[in-house]
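Visitor: Spelled out, the chains give:
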Amino acid sequence: MAGRTAVELIPKEVSQILRIDDLVIAGKLMSMGILPQAQIELVRRNAFGHTLIFRINSRFKIALRKDEAKNIIIQDK
Amino acid sequence: MSTGNNEKHKLVVLAGNPNSGKSTLFNLLTGLSQHIGNYPGVTVDKKTGSMKLSAEQEVTLLDLPGAYSLYPSSKDERVVLHQFLSEQQQPDLIVYVADVSQLEKQILFLTQLKDLGYPIVLALNMVDMPGITVHTEVLEKHFQMPVIPISGKTGMGISPLKMQMAAMLSAPYSFREPYYKLSKSEEELVSHVKGKLGVKNDYSALLTIHHAAWLKHLDDDLKQDIHNQAGHLMFNSVQAQINETLSRYDQFTPVIRKALHLEAGGAGMKMTDRIDRWVMHPVLGSLIFFLIMLLVFQAIFAWATGPMDFIEASMGQLSMAVRSVLADGWVTDLICDGLLAGLAGVIVFIPQIAILFLIIGILEEVGYMARAVSMFDVMLRKFGLNGRSIVALVSGGACAIPAIMSTRNISNWKERLITILVTPFISCSARIPVYAILIGFAVPQGRLWGFEKQGLALMGLYGLGIVAALGAAYILKWIIKSEDRSYLMMELPVYRLPVVKNLGLLVYEKTKAFVVGAGKIILMISLVLWFLASYGPAPEAMDTQAANMESTERYKPEIEDSYAGILGKWIEPVIAPIGFDWKMGIAVICSFAAREVFVGTMATIYSIEDDSDVMSIRTMMANDRNPETGAMIYSTATTWSLLIFYAFAMQCMSTLAIVKRETKSWKWPIIQFVMMTLLAYLCSLAVYQWLS
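So the sequence lines, in the order shown, correspond to chains Z and P. Note that our numbering has the first sequence beginning at -2, numbered continuously upward. Note that our numbering has the second sequence beginning at 35, numbered continuously upward.
Each hint should be verified, as a subset may be incorrect.
Claimed, not checked - Below 25 Å or equal to it, Euclidean Cα-Cα: the simulated DSS-like pairs (lysine-lysine) are:
hint	chain 1	residue 1	chain 2	residue 2
1	Z	LYS25	P	LYS554
2	P	LYS511	Z	LYS63
3	P	LYS250	Z	LYS25
4	Z	LYS67	P	LYS215
5	P	LYS234	P	LYS215
6	P	LYS109	Z	LYS25
7	P	LYS215	P	LYS42
8	P	LYS218	Z	LYS25
9	Z	LYS67	P	LYS416
The hints are simulated quantities; they were obtained by calculation from the structure and are not laboratory data.
My request is simple: use the sequences and hints to build the entire structure.
Guide: Structure representation (structure tokens):
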């Protein structure tokens, strides 16, 4: 079941995480405080879109690779 | 109730997420009593210190590396898990440090530690930041543990914390109810394994099941048994970890939201956003990075030369003073030409090393390094490295040893290995004195576009090191194979002013580690060298005379006829093509122990040769001429050849020892040694032949 991924966010756009697909990535992200239901905002795209900076729950920022962020499934507009 | 002094000290463990301010608290509690090993033979994994809780009670404090959970994804985090699962001294108390502005995501690890059955006190750090209101009683009630608000910056709340620690250490603790209730299949597995493991705690057994594959203290039969049983029950470890994490979050998230009120943009978040707009900008950000690096090198040249000249001059005067007081003889020679010359070679580095560690420490503390990691990730991945490698590559500018140890948070083995192998190419502070003295011969003083020419030459050599490191990484990327997955996932913490005490301790510890660790080697080599350069095989006629104890006249050979001279002459055929004479040969051989020996070696050789002791080593080297042709020994070609050789060659025993320990085999340090030294020789050969 494909959905919209965090990679498709446009800068400054805020959405909510529905689920995280890859189990291993999900485990790591969750221990860092990124879980389903969390609010996610794309702060900026760097390095030609290969590195994405997100803000989670308006609390903290995290840098993810495009490959990592594409596992984060977010709510449709 | 009272604790006798002869009793073994109780162990208090500091745990918490990265960026929780754990190290700041550790520094506050232990001060200068802490012990950090940095050199071979000392365990580096652990930062320990002792602290007094009361007049009669002293405890040992252990600072664990920062971790997000007990499901480790890097070597640092594995150290944390190992501390709790293996049979090391178990903590009597855990002080859990959490950044109050990030409380929601720093509590997961706390609830896991609680389930292991330890008494815990929760220290809420940074409560003094603006925009934060916290109701500690809500947290105390829910987590069933004392909560103390503290500020690592101002020292607020430290005495209440100490009192709480003392009270908890003297009272018995009974573990009541686990925070997380095991699922059906987890329960079954745990009950199967628990007896065989000999553990009482359910959660400890569960963690052992999850991590059985790499835990060192389990034997193979038990591992196989756990594996079989898990397969039999169709236990999916990764899914189980996720379910557990989610269940924990479900329990504490509402509580944290009730207990904590945070103003939007508070706790420095607004300021951080403003700074990041510049620092994380794709173009401006890289520019800022290179400006910072430029500043670092200018700072080293501008700030360190004064103190270094002072140290050199004072040591020279001390040597003269000793000579004027003591009678002439071999003891005086040993003290002045061996001991003092060697000692000067060690302490003269202190200013540069301290400045480098200070600047790198500031960059880490304010939170800039995390930005650099995320910015350079894409570029570094092309070379088979990870964004995190930037920390090692930058720290490598100070010393390869801590740099190589900093690679432990790179979870991908291949990326980590390549980082370890290429980091020594980055010019470390030990090369600076060699560069500094040689650049003086090769590059005239003066300015170019407002910059010191010699400073630019130094930067060029650093640039060469970076090119070599990246080039080697690119080649290694195709040679080394790995199936591991690679991650970035880098948290970007809020910018903070550095805590002066942390920086002071960091610079003190690192400099001390250098002086004690590398200093020992340098001093030893200076003494050996003094002997080799002062004595030589005596001509036959002298033999009987030398054996005669009555004789006060010592046979003193010319340096050319000494053991060192013979050794230097012996390797001359190999080093002649790259423009080195036998004196440089001696220095190069000695430098394989540690590069910084070069200047000391030169000092020893020249001061033995020329007893005046007045001229600085720089002048003596500059005045040195070929006795036959009268040409300058340190010609441009020879000097550049030497510079290139020192830029590339693997000349540091301590680094090789660290690489051996970090890679757990002799294979990699040997490969590294051959690769670097061969490259050094070939490049020096090319440079010398081109320039002469």
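Visitor: State for each hint whether it applies.
Guide: Evaluation of the provided hints:
1. A C-alpha spacing of about 43 Å is found between LYS25/Z and LYS554/P, which places the hinted pair above 25 Å, so the restraint is violated.
2. Under the criterion of a C-alpha separation no larger than 25 Å, the hint pairing LYS511/P with LYS63/Z is consistent with the structure, at around 21 Å.
3. About 23 Å separates the Cα atoms of LYS250/P and LYS25/Z, which keeps this hinted pair within 25 Å; it holds.
4. Distance check on the hinted pair: LYS67/Z and LYS215/P sit about 32 Å apart at the alpha-carbon level, beyond 25 Å; violated.
5. Restraint check for LYS234/P and LYS215/P: satisfied, since their Cα atoms lie roughly 16 Å apart, inside the 25 Å limit.
6. Straight-line distance between C-alpha atoms of LYS109/P and LYS25/Z comes to about 14 Å, which keeps the hinted pair within the 25 Å bound.
7. With a C-alpha separation of about 35 Å, the suggested pair LYS215/P and LYS42/P falls outside the 25 Å cut-off, and the hint is violated.
8. In summary, the hint linking LYS218/P to LYS25/Z is supported, as the alpha carbons are separated by about 24 Å, within the 25 Å threshold.
9. At roughly 20 Å between alpha-carbon atoms, LYS67/Z and LYS416/P fall within 25 Å of each other, so this suggested pair holds.
Of the numbered hints stated above, those contradicted by the structure are hints 1, 4 and 7, listed in ascending order.
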